[in-house]
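Novice: Each chain, letter by letter, is given below.
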Amino acid sequence: MTETILFFRHNRLALVGALILAALLLLAFVGPFVSPYTPTKLDILHKLEGPSAAHWLGTDSFGRDILTRIMYGGRATLAIGLGVVGLAFVIGVFFGTLAGYVGGWTDTVIMRIVDAILSFPALVLAIALAAAFGPSLQNAMLAVAITLAPQFARVARGQALAISVKPYVEAAVSLGLSSRRILLRYIFANGIGPLLVQSTLALGSAILQTASLGFLGLGAQPPLSEWGADVALNLQYARSAIWVVLAPGGAILLAVLSFNLIGDSLADWFNPRRRTQIN
Amino acid sequence: MTVWKQFATLGLMVPLLAGAIDAQAQDQSKTLVVAVPSDPVALEPGTNKAEPIGSEIILNVFDTLVAWTAPDFTKVEGRLADTWTVSADGKEFDFKLRPGVKFHDGTDFDAAAVKFSLERTKKSNSYVQATFGLISDIAVVSPTEVKISLAQPYPAFLSILAQPQAAIVSPAAVQKFGDSFAKNPVGTGPFVFKSAQADTNVILDANPSYFRGAPKLSRIVYRVIPDASTRRLELENGGVDVVQQQGQLSAIAAEDIASLKKNKDVQVLEASSQIIRQLEFNNSKKDGPFADVRVRKAIASAIDYDGLLAGVFGGTAERVYGPLTTNSWAFDPKVKELAPKYDPDLAKKLLQEAGVDPTSLSIKLYSFQGPLWGAVATFVQANLADIGINATIEQTEFPAYRTLQTAGQFDVALDGRQPWYNDPDAHITIGYLSSLANTAMTFRMPEDKDLDALILKAQQTADMETRKKLYFTVQEEIMKRVPGAYLFSPKLIVYARSNVKGLVINSAPPLNEYWSVSKG
Amino acid sequence: MLNFLLRRLIGLIPVLSIVLVIAFSLVRLIPGDPAVTLLGPGATSEQIAALRAQLHLDRPVFLQFTDYLVGLAHGDLGLSLKSGEPVLREILARLPATIELSVLAVLVAILVGIPLGVLSAVKANTLFDHTLRVVSLMGVSMPAFLLALVLQLIFATHLGWLPVSGRLDAYLTVEPITGFIILDSLIAGNPAAALSGLAHLVLPVTVLALFLAATLARFVRNTMLEVMGEDFIRTATAKGLHRHQVVLKHGLLNSLMPALTVIGLKFAEMLGGAILTETVFSWPGIGRYMFEAIKNRDYPVIQGTTLVFALLFVTTSIIVDLLYGVLDPRIRRRMD
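Residue numbers (the working numbering), protein chains in the order written: chain A, 7 to 285; chain B, 896 to 1415; chain C, -3 to 332.
Only chain A is shown next, with the shape it has when bound in the complex (with noise of 0.2 Å):
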């Protein structure tokens, strides 16, 4: 606890990231009750209207109230965000471990078949994959997952390789601990660190990347909102009303910085080297 404190007083930015995550989380799950709308009611007499009282971001080409799609489409996309790393941490985290605490032939296999699906842009993976699968919400996720575990593979192996020669893990196999027991207590515990800032910063890919599925159609299907789908549905109207982009556009920058904000200031507490700078 005093660490976080710790950590937030020595980086303004990832309080800055950490208040506008707050302020996205509040308007998603808080809002929709305090909102008069819902966000597929359709009122077609007052489409696209601007920002006014009773609309605060105006409303959409259905006569949405965009506030209320927006706060809407943030659980899908924030918990998109969140079911993406999820995925990809767990199949990252467990190939990459195996890969480097196994060693040998297994490391050899999984790493290369890491490489590979490094070498497709992650996009590009992500929209064969997605089509392959079907256009869903679910599929388009998983599609995500699938190009961003092998950064975790890398560096849940790079970990498992460095601390397995650590003295401590040494001394709990020769004292006969088990292949598992020493994988979760030593090698999982001690790398959090760079994983956890590996997640925080895969979570604005994942947002990004889900929203560019979304926006080329391959993501959250109609009516449900996810501020990705939510860009493309209305793009067409980009000249005549350009809030009905800006909204859900800016929603989707603002969640990605934030995360981007608190992985950045991570990235720079966990590096030992910067941390004894700041101290």
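Hints may contain errors.
Claimed, not checked - DEER-style ranges, computed between Cβ atoms: (1) A:Ser246 / B:Lys970: 35 to 41 Å; (2) A:Val96 / C:Thr127: 35 to 41 Å; (3) C:Val322 / B:Lys1078: 41 to 47 Å; (4) A:Leu202 / C:Leu194: 43 to 49 Å; (5) B:Thr1287 / C:Phe58: 35 to 41 Å; (6) C:Leu59 / B:Leu1351: 40 to 46 Å; (7) C:His154 / B:Leu1351: 55 to 61 Å; (8) A:Arg118 / C:Leu65: 15 to 21 Å; (9) A:Arg118 / C:His70: 22 to 28 Å; (10) A:Phe276 / B:Lys1078: 57 to 63 Å.
Claimed, not checked - With a cut-off of at most 27 Å between alpha-carbon atoms, the simulated DSSO-like pairs for lysine-lysine come out as follows: (11) B:Lys1259 / C:Lys291; (12) B:Lys1244 / A:Lys47; (13) B:Lys1259 / A:Lys47.
Claimed, not checked - Covered stretches of chain C, going by a simulated chain B footprint (3 or more residues, C-beta under 8 Å): (14) 78 to 86; (15) 150 to 162.
Treat the hints as calculated values from the structure; they're not laboratory data. Each residue gets a CB set at the ideal place from its N, CA and C atoms; glycine is no exception.
Could you slot chains B and C onto chain A? The hints should help.
Specialist: Using the frame of chain A, we list chains B and C on its own:
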């Protein structure tokens, strides 16, 4: 080395640039830039599958024997044919051809070229097999006379001859280029194919010796712009002169039209079409709630047709009541009364009668991709929610969508048909003949001997009045079966810069001809 | 050096094989039958079956794969199902557009990102540094499609300074010789076309470069701060060398190496971004070509473009490795 020399020249020539730009300005007034969403697929009649961009280019590079007459397209006029007669049994067509016409390569157009072209398309183009397959013989009577015989009467045959697949090609050029004829198309048309660059443009130059008179433009540049909002920005900026009609699938947002109409630099040309967009049921499916006609009728009564037109289309689409549009010569006025009206209470009552609890229905509403279809799907979904039905929208890419449909793996789907020839046959036969149920873009009608016989009889009867009556009966029979909810008929819309003059919107086929166009 | 290159190339074989298998099997997973798409509406099941046979789509998947490999060995990527043209030729026709865009974007990113990073390190913890940090983080967080749209609206529609999209003014024509529009214009002695080509490059290059420039600036700043904290720099400063000299000579040179790695890694991400950028700016490159192919179920094109993307990425990482050798004598020695 040369490159560096060029660099030096560049430096020297900068002051001359103003002059260069002036010289171009002159050129620009005779060059028409047309925005299209993708490269044309097959630039020649023998392989064209009604893909809109290639088809439009074909109609400007080639000529057909006949064409529908502007502005209302109710009559067929001669192009390469001067006059023609049809035999009493409706099976023989005698054409007198226009003499003295030359292909772009300098060879003569004659009856042998007609025979060559039509037989070539019949052999190589699977897309028109159903109609070209009816041709039993093409005889060259004299260099300016040709006789086409059909295996059975087919009153819509002249319409087929006006299609891009029936355009007349230069036999000499086909011999010369062989398989690469589509890259070097040679016809008799007002424009000559110049070049094509992948994903960039197709350039046509004027044919000064065109038989109807030289075109006013000296060049057409088809610019490939895949993104709809980019096309719009380009039009407003003057980067393109015309945004082509966008066929079946792409979006024309009502809001865009409204704001473009206010723009003095842009004109919005509209025309009624014979396109029908519908919510269709999987009519071949024998189980499930939609096998009950009352449930189908309930869905058809739940949709706010006028609200859809006003809200989503803002006057850019028209009401459609049944299997034919109101502007078809075979439209049965009685269909207007037979059509289900927006009545959510009736819809709920019908569901109750059928013993269906709407909240137990959880249906997938399949739709094409793109914002326009998304908007229609969203509207329909909200209408269904009003009577308690929970529908999830599945926007599916075109190929996957077609596969789902031909395999019958759906309950309800949004679909549509854009007829390219001006005859009820285009909607009725392919849409409702049960033997075609498993092909693409049909209503998947269940086996129904009476309706099938009626449809075929209407298709083949030569006498037009009798035909019309038959089609009336067909429409009423179809309405009884409620195979879908007929949603709307979008207008054909072409955007052009206001200095573009003489552009006429064709509706069947929906392709622009630029022979008469000029830039003022 | 040659030895190293050879070893590096051999090491690629397993990676590229996996890429091939992934590309091939992914493509078969995508639902939708290309034969149905090709034939269009009204096709009978017999016609569809016949076309499937003609395209060898009825062969067992394993045999389709061996067919593909045999073709590949002959430099044959198959025929596009949509256009009937050889995929290799279609890709080569579009490759220059993508290379032009991405290479220029990398150059711009380097020219902007590195100096800003250096400046930020020199002025660490000043207002400039903080502003740059926020701006660069925003650059990384900006959805490319949003940035593209905003730039189009501002610079093309409202100000009218730059063209909305495309590679060249529609009224100009340039004979494609190299496929690089400015080079071709100069070869043809057409300065108006060269200027027009340049103007058309500005917005898409900016959109692509921003992400990389932002990443680079951030990265260079951090590594420079680290490097400058090291003993040899302190020694250099103590020896009385000018601070500027120290910063440039030691700090910058030593942080360029890791920056190279970042460029290499982010290059793949940038190529992915090219899909969106090329679509919005009507840029006739392979990103857009691939996306269209996915929409049309054009199997051979999807496989071909996937392979090309992977090759581009791998080539970049080899170039990065070689540059490493050039920049750092210690590594050069290890390579030999």
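Novice: Assuming the hint says 55 to 61 Å, is it satisfied by the Cβ distance from His154 of chain C to Leu1351 of chain B or not?
Specialist: 60 Å, holds
Novice: If I claimed the Cβ atoms of Val322 of chain C and Lys1078 of chain B lie 41 to 47 Å apart, would that claim hold in this structure?
Specialist: 45 Å, holds
Novice: Is the gap between the beta carbons of Ser246 of chain A and Lys970 of chain B within 35 to 41 Å?
Specialist: Holds, at about 40 Å.
Novice: Look at the Cβ atoms of Phe276 of chain A and Lys1078 of chain B and judge whether their distance stays inside 57 to 63 Å.
Specialist: 60 Å, holds
Novice: Does the Cβ-Cβ separation between Leu59 of chain C and Leu1351 of chain B fall within 40 to 46 Å?
Specialist: 43 Å, holds
Novice: Could you tell me whether the CB distance from Thr1287 of chain B to Phe58 of chain C stays inside 35 to 41 Å?
Specialist: About 37 Å separates the Cβ atoms of Thr1287 of chain B and Phe58 of chain C, which means 35 to 41 Å holds.
Novice: Keeping to a limit of 27 Å between CA atoms, is the pair of Lys1259 of chain B and Lys291 of chain C held or broken?
Specialist: 22 Å, holds
Novice: Taking the CB of Val96 of chain A and the CB of Thr127 of chain C, does the distance hold inside 35 to 41 Å?
Specialist: Taking Cβ atoms as reference, Val96 of chain A and Thr127 of chain C lie about 38 Å apart, which means the hint holds.
Novice: For the pair supplied as a hint, Lys1259 of chain B and Lys47 of chain A, is the alpha-carbon distance within the 27 Å limit?
Specialist: 19 Å, holds
Novice: Holds or violated: 22 to 28 Å for the Cβ distance of Arg118 of chain A and His70 of chain C?
Specialist: Holds, at about 26 Å.
Novice: Could you say whether the range 15 to 21 Å given as a hint is met by the Cβ separation of Arg118 of chain A and Leu65 of chain C?
Specialist: 18 Å, holds
Novice: Please count how many residues of the region 78 to 86 of chain C have a CB within 8 Å of a CB from chain B and say whether that reaches 3.
Specialist: Coverage by chain B holds here, the residue count being 3 at a Cβ distance below 8 Å.
When the structure is compared with the earlier hints, no violation turns up for any of them.
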